[in-house]
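Asks: The lines below spell out each chain.
There are 2 protein chains.
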Amino acid sequence: MSLYQINYNFHGYSTPTKKHSKVKAIITEVAGYADVAKQIIELAVNGAAQNRSYRRLTDFTDTIGNRVSGSHNLEMAIKYMYNALKQDGLDVYLEPVKIPHWIRGNESAEMVLPRAKRLAILGLSSSVATPPEGIEAEVLVVQSFEELKKRASEAQGKIVVFNQPFVSYGETVAYRLNGASEAAKLGAVATLIRSITPFSINSPHTGMQSYQNGVKQIPTACITLEDAELMQRMAQRGQKIVVRLTMDAKSLPAADSFNTVAEIKGWQHPEQVVLLSGHLDSWDVGQGAMDDGGGAMISWEALSLIRDLGLRPRRTLRTVLWTAEEQGGVGAQQYYDLHKVNISNFDLVMESDTGTFAPVALQFTGSGAARKVMEEVVKLLAPINTTKLEKHGEGTDISPWMQAGVPGASLHVADSRYFWFHHSEGDTMTVQNPRDMDLCSALWAVVAFVVGDLQDMLPR
Amino acid sequence: MSLYQINYNFHGYSTPTKKHSKVKAIITEVAGYADVAKQIIELAVNGAAQNRSYRRLTDFTDTIGNRVSGSHNLEMAIKYMYNALKQDGLDVYLEPVKIPHWIRGNESAEMVLPRAKRLAILGLSSSVATPPEGIEAEVLVVQSFEELKKRASEAQGKIVVFNQPFVSYGETVAYRLNGASEAAKLGAVATLIRSITPFSINSPHTGMQSYQNGVKQIPTACITLEDAELMQRMAQRGQKIVVRLTMDAKSLPAADSFNTVAEIKGWQHPEQVVLLSGHLDSWDVGQGAMDDGGGAMISWEALSLIRDLGLRPRRTLRTVLWTAEEQGGVGAQQYYDLHKVNISNFDLVMESDTGTFAPVALQFTGSGAARKVMEEVVKLLAPINTTKLEKHGEGTDISPWMQAGVPGASLHVADSRYFWFHHSEGDTMTVQNPRDMDLCSALWAVVAFVVGDLQDMLPR
Ligand SMILES: [Zn+2]
Ligand SMILES: [Zn+2]
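Chains P and D, in that order, are what the protein sequence lines are.
Per the UniProt record's numbering, residue 1 is the first one in the first sequence, and the count goes up by one each step.
Per the UniProt record's numbering, residue 1 is the first one in the second sequence, and the count goes up by one each step.
Don't take every hint at face value.
Which copy? The list can't say, so a pair holds if one copy fits it or any two copies do.
[Claimed, not checked] Within a straight-line C-alpha distance of at most 27 angstroms, the following computed DSSO-like cross-link-like pairs (lysine-lysine) qualify:
1. Lys185 <-> Lys150
2. Lys117 <-> Lys250
3. Lys216 <-> Lys240
4. Lys38 <-> Lys22
5. Lys79 <-> Lys117
Derived by calculation from the structure, the hints in this document are not laboratory data.
Use the sequences and the hints to build the structure in full.
Replies: Quick look at the structure:
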């Protein structure tokens, strides 16, 4: 049965009466979706779709592995998903994007003084290589940019080790992003940056870094929390630390890739869109199951659930699986540039990119009037106990739309361990849980369907 | 000031009166140590010795690194500790022990089918090498010895992957210890065993394994929880898995080593001994800070605290830092064989080898009468809120004494994450905490001093 033969408007009953105020009308209208919300939730959590998004994620990440920007694996991943979405009966198309292509290559680091010790590292994306024989230099350990500034005269010719404490990802990631250029300005020959995580089993974490224009590009990698602390203690004792760093990383010309798009077309306003999303690329470590295979899969699953129930909303539900998010939202930026001409038709943009653990709340950014509507929508999630609407829907990939005034929503999950695994070899299926993914999928599907089916778009 | 010029019996007042029952007498006698217990605790936790055992552990493990049986590092560690204990004014001597000498060498494993993937491994101590070109073979995944038995006919020529769930260390470690021989009996060419841990960031854990007599010796290593689960899922899908394993491990002739012994001699019964202990060796990963640098350091710190306060007990307090515990209590077994002739003089044997996190209780094994005494002793620990006496004092290194009837005590600490780091690169100073070590040291010192100073030895 093709979805597009169905033309079933099941809630004529939700048309507001004239005497209701606008607010009362919307309360009544949304409340009318209680049954359909229950059906979606039942299907996802206890029904035939139980464990499906987890199973899909497992099949996908076990088959493909990780999928870094520019890699053959990412190409394979897009093909895999294109076929899977087609087979699932959805309307699927690809939108070409040019994406960065950086290759890690071989890399290693070892402490030479005060004693020999191998350091676990992960080079940072876009880092230049060392000379083939490596860089062997004395280490300067600092705990902050402020300390580096104070000790500017000591940095010349050194490998600067940043041992910044983890405060929050948003705050602490500045060291990974800017550490190399800040140290290079002072004559440093390389930087080793404590991984951006509150917890470690000697686990290095990779990620993006940005060279500043006009500043010498020096090799840069993340080390473990443990090794950063070790070198800090050695420096405090006045011990001379020497490290040899070898990286043959290289940047190649931009590669061809795609944003992967799947839709259920709206029956009344097909040009109007509720966008659900996650990114398909990952880092070149682990399986990219948590970041962001899970987000991609629940954004697919939401459409499957709606399709399985024979539902079709007024507006188009569009799932976009971004490419090259990890390189700075490259696919998403291009998508925005291409489609912003239709910005008035974008009703709500949704992104899941902080894990698909047990859902806690929906995060939402929009006008006060839109928030009023969304507060009613999340009440429909009572059967899975996630009726909280929080401030600050956000996400790298939906931010261009949100900055331009489109309402945005993201998933708040119980993610206390998210950064333990993030961008590390520990980002695997082992951290995922089928029931949590069912709950995320149900939430995602209910929100997308109801917003996409209301008589009016969310007020800006 | 030398300790041995002090002859200060500060608690003549604790002599029991004739009219007291034996039990009442001991209650009164032990209660008489309340002030000295407070002094020890105050010195350790808030006084001049605050953070000292942590600092000692940091200096030691940062300087030496890990210390596997037979290594140059272990030799250096013993020299380091010999000098440090001497400098601390203790009576120090070394007792020679022959210990196993196994070298890991280079090792690697990669999945070849169904897709290429590097597997993080740690070879197991005493494993034989693969041929230089490695072993490439199809994988048989099993979740238990029972499943292996049922599928015996499938094992021939395969690499057997054990993906046993973690139940408890004591139970699950059987797979690491016996996996290779059990699989070899069925014609397997190598074994890869899921690391013995409840949690992982793709972290492999090493440890001992034992070849059974008369069974072909095949190479054996631990893989990560994540990779074991991955291969399980692939096998469940019916996918053919092929892995290439390369290990150039080798066993060398037994090496010379030492148990390191430091004492405060008893003023009244110097031949009677309360023994405190931890092991100085570790695995060849991480820093061996938790396993068992911490246990060694609090066993030293206990003597330092007692010495600092100018105390000298009736009996000898003897700290033994075992060698080659990880190879099966080799140093401890030799110590027992050498000293068992004096077993009647061993009052209490104590071991700390499950971490020096926040202390929860003292664990004790001994007669009912001895337990009555110990129940009074732990009451002295009220200032640090660790007055619980639990059953089952235990430890690899004190077990020969305990099996022969000597009362034994061990430290129960808040160790919920102990096995996350155990035998892995994550066993570093980062998991240690100075205050927790102060508390452990205080507990250790109070128990050792009071038991060593009571008029009578603990009843057997
Ligand atoms: Zn992400
Ligand atoms: Zn141990």
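Asks: Output the indices of the hints that this structure fails to meet, ascending.
Replies: Per hint list: zero violations.
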